[in-house]
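Enquirer: Chain B: place on chain A using the hints.
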Amino acid sequence: MNKSASARKRFNILDMPTAGMISIVLVVLCVVVGSIKPAFLSQYNLTTLSRTISFTTMVAFGQTLVLLTGGIDLSVAGVAGMSGILSAWLMVNTSIPWWLAIILVLVLAFICGSINGILITKMNMVPFVVTLATGSIFTGIIYVVTKGSPIMGMPAQATKLGQGILFKVLPYPAIAMIVLALLGTYVLRYTPFGRYIYAVGGNQNAASIAGIKVNKVTTMVYGLSASMAGIAGILMTCRLGTAQPTVGADWVMPSVTAACIGGTSLAGGRGSIVGAVVGGIFMGVIQNLIVILQISPYWEKVITGLVILAAIAIDRLKAVRSNT
Amino acid sequence: MKNILRTIALSIIVAMAVGLIGCTGNDASSGSSQGGSQAGDSATGYNKTEYNLVFIPKLVHEWYEDVKIGVDKAVAELAEKGITVNYSWEPPADAVVTEQIAKIEAAASKNPDGIAVAIIDASASTTVINELVDQGINVTTFDNDAPDSKRKYYCGHSTNYEDGVEIAERLAKSLNEEGEVAILAGTLSAINHQERVKGFEDTIAKYPNMSIVDKQADEDSIEIALNVTEGYLATYPNLKAIYGVNAASPIGAARALKDANKAGDIKIVGMGENDEAMQYMDEGTIELSRKKDVPTYGYNIVYAMLEIADGRTPAKVADEIPAIFVTKDNVSEFLN
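Chains as they are written, first to last, in our numbering: chain A, 1 to 324; chain B, 1001 to 1336.
Note that these hints are calculated values from the structure, not bench results.
Where a beta carbon is used, it is the ideal one built from N, C-alpha and C, also for glycine.
Possibly wrong hints are sitting among the right ones.
[Stated by the list, open to error] Listed below are the simulated BS3-like cross-link pairs for lysine-lysine, each with C-alpha atoms no more than 30 angstroms apart in a straight line:
{"#": "1", "chain 1": "B", "residue 1": "K1258", "chain 2": "A", "residue 2": "K147"}
{"#": "2", "chain 1": "B", "residue 1": "K1198", "chain 2": "A", "residue 2": "K160"}
{"#": "3", "chain 1": "A", "residue 1": "K37", "chain 2": "B", "residue 2": "K1292"}
{"#": "4", "chain 1": "A", "residue 1": "K147", "chain 2": "B", "residue 2": "K1240"}
{"#": "5", "chain 1": "A", "residue 1": "K301", "chain 2": "B", "residue 2": "K1328"}
[Said to hold, decoys possible] Using C-beta positions, here's what the derived DEER-type ranges look like:
{"#": "6", "chain 1": "A", "residue 1": "A313", "chain 2": "B", "residue 2": "E1177", "range": "41 to 51 angstroms"}
{"#": "7", "chain 1": "B", "residue 1": "T1127", "chain 2": "A", "residue 2": "L306", "range": "29 to 39 angstroms"}
{"#": "8", "chain 1": "A", "residue 1": "V320", "chain 2": "B", "residue 2": "P1147", "range": "53 to 63 angstroms"}
Extracted from the complex, chain A is given alone in its bound form (with noise of 0.2 angstroms):
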């Protein structure tokens, strides 16, 4: 009895939310790739890759929320895509204020992520159908304003905000990913929506019994997610200093797949903002390492995917230790 009790005392790295496992893996990999080449760890790249890093990780900001519920949201790169175009489209060809374009789409895109929450709550359409229709037309709106042609000559403020690097240090995009980051982390822990978010998705009935506006919190949460993906499709425009038609367009795996390695399970219920931003590291960490390293580009898919299931193996380990 005793020896077993010591035992279950003992530090595991186990016992460590996945996250932070993720996290030790991670550090572990820069540090030995660092050293090999120090390149990795130069001012230039980190800044660099903090930047490509900050995109599809506040996407899945968005997209970690609408899993907690147990949906999922695939509409994400139309929305990214048709901020970016939309949000360009009114700087170049209207008289509106830059700012003020960029919160119009904004509250476009929140529109969006809402009706992919009616749908899915009102109606009770499957969440993977109704975001997969949604996204096309988003992509689809896309094509019928720019017909495949990108937009150029937007005002210098705004392509400041992608492009901009404070102190010549911390790109601003990856400031707007620390700051959504902080306030998402707040909402899911210390507010009563954040807690609504994690009921909904552990058990709906049973949330809904407590007295808990099930619809209401979805479809909030897929306003959310559109937002998210707005603000990440805009910044990547004004990073790019032209809105491209291809904005966005393939970040809905890296956005779900940064949540599943920081731990966020699909099933809903289970997961957290500081895990999406550990799995959106991770990615772009390994995106960055096959540059580095020189891997080659046949094998790039390859070992993605490897790594990928390598880090979520990890979570599955934890999962099935906690069951014996």
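Expert: Same frame as chain A, but now just chain B:
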């Protein structure tokens, strides 16, 4: 409540159906499509006064809008001669070969005078093209060919390997035949990109003081090209040039160099073709570009399809259009 929802759902479906019917109206067809045909009009040099053509690009992309400029020019010229050319423009939303084949078959069912396809994957499309040609439908190709099919005509630029060679030679000259070069290799499954890489690599290998330090895929995405270039800049402090094999990669590289204040220090060469690339050339961030004469594809193919529809053979069945080298010296011709 349920009834209200049901009504809403029904009205959405009806609205969508109406929308779909409405959307099909954009086939630039003017007036009745069949009635205008008259046999043997010697005044114009063509057998009919009205032709219906279908264009199927690889996908919705600005690049093909330039093809359309050439098509519209030819259509306008023919209109002045009293010949009406109606055409519909039917790109798949994404460059997926099965979607394109579905578009080709749907186009054939309208029995047009000619179909022009920018082939995504020749090995997959050849059978369909042959079937249609055997049925008497005139299928032509542009931009990317299906050379082993029975297609009646091709117009484009297919000397990709040579493009890589020529760009490498010009770059070697401008670098005094020494220095490190990195490649943004486009999409790994795109044969034309890989041929451009091969031509470039083979040529650089002839210069003992030049080396290719790395090549990574950019998936035709400016975003990925930008990220990879930032990786190159971090890893190779002595990098002298970057070669981008598609329209997206030189732009991504240019953005990264500008941000790192290295514009002009590292030479960008490649296949940048659009307005944005031309602006980067004008300010000196991109050094050299190989620009295809895309509007000519559209222009030539309209005339070729009319010839074929009348039962004649076009002067050239494989119509290679040379690409132009653009540098700071002549970029002003291409700036809007």
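Enquirer: Of all the hints given earlier, name the ones this structure violates by number, lowest first.
Expert: 2, 3, 4 and 5
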